[in-house]
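Peer 1: In case you want the letters, here they are:
There are 2 protein chains.
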Amino acid sequence: MAEKRLGKIYGVGVGPGDPELITKKAERVLRECQVIGIPAASREECTAYQVAKRAVPEIGNKPVVAVPVPMTKDRQVRRQAYEEGSARLFEVLKEGRDIAFLNLGDPTVYGTYMELHDRLVREGCEAELVSGVPSFCAVAAQLGVALGSGRESILIQPGCYEKEDCAKTRILMKSGGKLSAVKQRLTAMEEAGEAKAWAVSNCGMPDQSVCRDIRLLDESAGYFTTIIVKEKGTGNGDGTVCE
Amino acid sequence: MAEKRLGKIYGVGVGPGDPELITKKAERVLRECQVIGIPAASREECTAYQVAKRAVPEIGNKPVVAVPVPMTKDRQVRRQAYEEGSARLFEVLKEGRDIAFLNLGDPTVYGTYMELHDRLVREGCEAELVSGVPSFCAVAAQLGVALGSGRESILIQPGCYEKEDCAKTRILMKSGGKLSAVKQRLTAMEEAGEAKAWAVSNCGMPDQSVCRDIRLLDESAGYFTTIIVKEKGTGNGDGTVCE
Numbered sequence: 651m652a653e654k655r656l657g658k659i660y661g662v663g664v665g666p667g668d669p670e671l672i673t674k675k676a677e678r679v680l681r682e683c684q685v686i687g688i689p690a691a692s693r694e695e696c697t698a699y700q701v702a703k704r705a706v707p708e709i710g711n712k713p714v715v716a717v718p719v720p721m722t723k724d725r726q727v728r729r730q731a732y733e734e735g736s737a738r739l740f741e742v743l744k745e746g747r748d749i750a751f752l753n754l755g756d757p758t759v760y761g762t763y764m765e766l767h768d769r770l771v772r773e774g775c776e777a778e779l780v781s782g783v784p785s786f787c788a789v790a791a792q793l794g795v796a797l798g799s800g801r802e803s804i805l806i807q808p809g810c811y812e813k814e815d816c817a818k819t820r821i822l823m824k825s826g827g828k829l830s831a832v833k834q835r836l837t838a839m840e841e842a843g844e845a846k847a848w849a850v851s852n853c854g855m856p857d858q859s860v861c862r863d864i865r866l867l868d869e870s871a872g873y874f875t876t877i878i879v880k881e882k883g884t885g886n887g888d889g890t891v892c893e
Numbered sequence: 651m652a653e654k655r656l657g658k659i660y661g662v663g664v665g666p667g668d669p670e671l672i673t674k675k676a677e678r679v680l681r682e683c684q685v686i687g688i689p690a691a692s693r694e695e696c697t698a699y700q701v702a703k704r705a706v707p708e709i710g711n712k713p714v715v716a717v718p719v720p721m722t723k724d725r726q727v728r729r730q731a732y733e734e735g736s737a738r739l740f741e742v743l744k745e746g747r748d749i750a751f752l753n754l755g756d757p758t759v760y761g762t763y764m765e766l767h768d769r770l771v772r773e774g775c776e777a778e779l780v781s782g783v784p785s786f787c788a789v790a791a792q793l794g795v796a797l798g799s800g801r802e803s804i805l806i807q808p809g810c811y812e813k814e815d816c817a818k819t820r821i822l823m824k825s826g827g828k829l830s831a832v833k834q835r836l837t838a839m840e841e842a843g844e845a846k847a848w849a850v851s852n853c854g855m856p857d858q859s860v861c862r863d864i865r866l867l868d869e870s871a872g873y874f875t876t877i878i879v880k881e882k883g884t885g886n887g888d889g890t891v892c893e
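Chain order of the listed sequences is A and B.
Quick note: the first sequence uses this note's numbering, first residue 651, plus one each step.
Quick note: the second sequence uses this note's numbering, first residue 651, plus one each step.
By construction, these hints were calculated from the structure, which means they are not laboratory data.
Certain hints may be false.
Said to hold, decoys possible - Chain B is faced by these chain A residues, among others (derived, beta-carbon under 7 Å):
#1 656
#2 756
#3 760
#4 775
#5 793
#6 807
#7 818
#8 819
#9 820
#10 821
#11 850
#12 861
#13 884
Stated by the list, open to error - Simulated DEER-style distance windows between Cβ atoms:
#14 A/726 x B/827: 20 to 30 Å
#15 B/655 x A/684: 46 to 56 Å
#16 B/837 x A/684: 33 to 43 Å
#17 B/830 x A/678: 34 to 44 Å
#18 B/865 x A/738: 43 to 53 Å
#19 A/737 x B/713: 52 to 62 Å
#20 A/684 x B/834: 46 to 56 Å
#21 A/801 x B/655: 33 to 43 Å
#22 B/693 x A/724: 52 to 62 Å
#23 A/713 x B/737: 53 to 63 Å
Glycine included, every Cβ here is placed at the ideal spot set by N, Cα and C.
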């Protein structure tokens with residue numbers, strides 16, 4: 651007897667709150683998946699679910715897998731919640747059903763899903779991230795304020811206004827003309843074990859190119875190249891990229 | 651004779667490139683506006699236009715106002731381009747027509763539109779920002795990498811990997827339990843002329859609240875409060891918030 655196809659899981663950003671700020675892709679994925687995953691104990695307690703339901707009411711008829719992660723600094727407790735949650739999601743995927751796991755805003759910006767994503771990918775599951783509008787963009791729009799312009803940088807901090815010596819992920823945008831210098835610097839940092847860097851040019855466009863080894867970055871990659879640098883100590887929740 | 655109603659301008663984020671990553675709101679606004687604004691010399695040269703057209707082909711039939719801003723460090727040249735551009739947009743608005751001005755990604759993240767927005771708002775025009783998925787979120791999704799998790803911060807830099815002493819906008823997320831301390835700190839910074847801060851709680855949700863005077867921030871505003879701090883020297887292009 652043929653083995654059942656494994657289902658696919660999507661980490662779906664539902665945007666900041668206004669149901670009209672959901673993307674067309676998120677809307678489609680919510681319609682197509684048979685099961686909804688939520689980072690909370692119940693539909694009622696889940697803000698992302700409430701937003702998604704206003705955008706796509708039919709998800710109210712779909713079964714939900716609830717993965718509550720306690721807000722605690724105790725890594726062991728969080729880790730156990732992720733383990734149990736990913737095991738339950740895996741059971742659903744083994745039945746061949748697809749899951750849309752909801753995140754308020756964008757899943758890569760402090761989203762609970764990323765930890766589950768890493769575990770399920772390691773288990774051999776097919777998993778895809780569907781970007782959403784992060785809350786801070788909607789906040790800036792509401793206020794009519796630019797988050798960044800010209801040579802300014804933008805620093806996103808969870809919690810409060812504190813020292814800047816915490817681990818940091820850097821996003822280098824529009825590095826176009828300086829790719830050669832940037833590549834040299836990042837290669838040296840990787841060799842010293844201080845960071846891991848990736849780059850994507852023309853993301854989502856027909857001529858997209860993805861570079862997972864910064865030493866091989868095409869220096870002529872052009873203006874729409876974005877580089878992500880995970881510095882020592884950063885990672886997905888309790889895992890780390892380089893230590 | 652009654653004066654003609656002024657048109658409204660929308661700064662529309664079209665997302666990072668994949669036409670399916672446009673929001674439902676951006677799609678609607680592109681359909682409803684009679685005129686399209688672009689931050690380039692022509693439709694052909696404008697990446698944001700190409701993305702928008704793949705998402706909403708009918709914009710191909712709408713007239714375009716082109717506002718090319720030269721890539722130069724010469725503030726005077728840039729300022730002149732913004733002045734001329736906003737004057738031309740204003741002419742269209744005076745005819746009672748609405749404009750969707752396109753931005754790749756999100757308009758508040760290094761978007762050309764913000765300068766035009768400020769000028770047109772000063773002229774008394776109605777202007778609204780429509781958030782989009784920033785390119786860096788799509789890049790992280792493509793790579794399967796978290797931009798931030800736990801206590802880490804995220805630093806977005808235009809250009810290259812350089813010193814961190816440039817002017818900075820801070821975004822404080824999930825400050826929930828620490829709002830009292832944050833408010834005290836920011837109030838002191840505002841009084842010293844070092845920064846200007848704003849906050850929005852539950853952005854885009856039915857119970858949204860906007861705080862434009864940080865001294866009046868409700869300390870019980872809760873978990874989904876995002877604070878934006880523009881430090882001395884930051885602003886919209888050639889303008890600055892505090893100096």
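Peer 1: Against the earlier hints, flag every one the structure doesn't satisfy and list their numbers going up.
Peer 2: 1, 4, 12, 16
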